[in-house]
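A.B. asks: Counted the way the numbering used here counts, the sequence shown spans residues 20 to 495.
These are computed hints drawn from the structure, not numbers from a lab. Remember, it's a predicted structure, so these values are computed and weren't measured experimentally. Each hint should be verified, as a subset may be incorrect.
Here are the computed distance ranges between Cβ atoms for each label pair [to be verified]:
hint: 1; residue 1: G55; residue 2: I130; range: 53 to 59 Å
hint: 2; residue 1: D382; residue 2: S147; range: 54 to 60 Å
hint: 3; residue 1: N384; residue 2: G416; range: 26 to 32 Å
Within a straight-line C-alpha distance of at most 20 Å, the following computed SDA-like cross-link-like pairs (lysine to any residue) qualify [claimed, not checked]:
hint: 4; residue 1: K395; residue 2: A177
hint: 5; residue 1: K35; residue 2: A60
hint: 6; residue 1: K35; residue 2: G45
For glycine and all other residues, C-beta sits at the position ideal for the given N, C-alpha and C.
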Amino acid sequence: MEHRMERLAGWLIRDKGTDYLATMRGWIELEGVPRGLPREAPAVVFGERTEPARLTVGKIEVDGTGESGTRRRPRLAVRPAGHLSTASGLRRTAREWLVERGFDEIALPMIWSRSEEYGAEEFQLAHSRMDGIDLRILQSPEFPLYTALAEGLDRSFAFGRCFRYEGGDGAASSEHYLMEFEQLVFATTFEGLGDCMAQVEDLIRTLAKAVGVDLDDVDFLVSAPEGMPDVTATGRAVELERVALFTVPSTWPAAARRVLVDRLEEAGASVIALEGDEDALRRGGAEVRLAVETGDATAAAVHRILDTAASYVMPGNDISAAVALQWNPAWEAYLPLEWREDEQSESAYPVRSITSRRATDPDGNERIADAELYLKGIEVAHVRAYADRTQFAENLGRAGIADPEGRFGYLIDALESAPPGMVGMFVGWERLLTVLEGLLATQEAQLYPRDGTGRLVGDAGPHAHRRNRPPAAGEE
């Protein structure tokens, strides 16, 4: 029989010279336990089972008392995903940041009347005693928040649950989309879109610093049409979801810049200097942020070239500065009101948002007063300036919603006396953790994979019903 590494949690007990692990399924005799451990303590053991009740120890973590006198629990016994402890600290840091700035924590409902924020179908709540009541599980806390602001709620925040089916092809099936996820939501009134973007930037800088990445000297690029209210563009307008960003450090000579640009163009990609003139691509002495459009190249080929280039941008041994440089924080503000043909799905409204304030750019195009923040190419935050009563009613008509009074009469009424400058700020918590923790996929930022299987995320997860049982007769 092939021996397999197992993970067991229980009480480590030494009795008459023999070591045992007392588990929920009985006592296991242990071989190879290091000397000097407590005679009786909680422990996590990794090892190979040589017999049904005997295990050879490969690694062991034991609850003990350190030099400071404080107890130390074996971390793997309670935290199968190693990053969760840091994630807990980041949540605490975010709360402290918000409270210090006058935001009160509130609870927002997860169950609401039919809203279908973007037109996508919601999960419907069914119960034998709820005939005739059409309640849904929210895709985000958007409508409760918008309604509360209209009714007079001011600076508030919540960690809200979101439920959204995003299967299928394309971006919705990528490693950064989830069926159930969390948003840090905070909102204010009497403020503009640009002011709230600055608040989100400050929060992101604070959380980044908590994981050892200093963004203080890194500019947040703003891609937006010229002449829009509250927001000043700091770079060329590009669709951030469709490009890869790369920052060339000022220390790179002209020859190195030419090599990078040539390799990307030879692969079939297009390179745009987002700041300064195009000559900055090929001359040294200035830091330049690039947007790389895949074009005829494959996304994998572009990222391979950029990842290789990133390994050469480290100034001395300052790893933190190199990491911060390539996070490339960038906003895309004032998005088009209507979806493009290649963005439009069967379930979406023809407009991007029914709750956003609208504005017209100098070219006469209608846009929504929204801004999306990208870190390392992942959208991690969204800021939305809300519509007043007139624009909200017009948005419902543009979306083609039948019986708007029947579905949204409560909100239309609330907006009669709503304050100006209502803005909601939404941080995709798992997505942000993915960047802050350096994870490969957003799914790894969760304790459970949100697939209803009851199994934890991560190789260290205690699949007790599979891995902690003795192999059945005849099993390999």
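A.B. asks: Hint by hint, which ones does this structure get wrong, listed from lowest number up?
C.D. replies: 3 and 4
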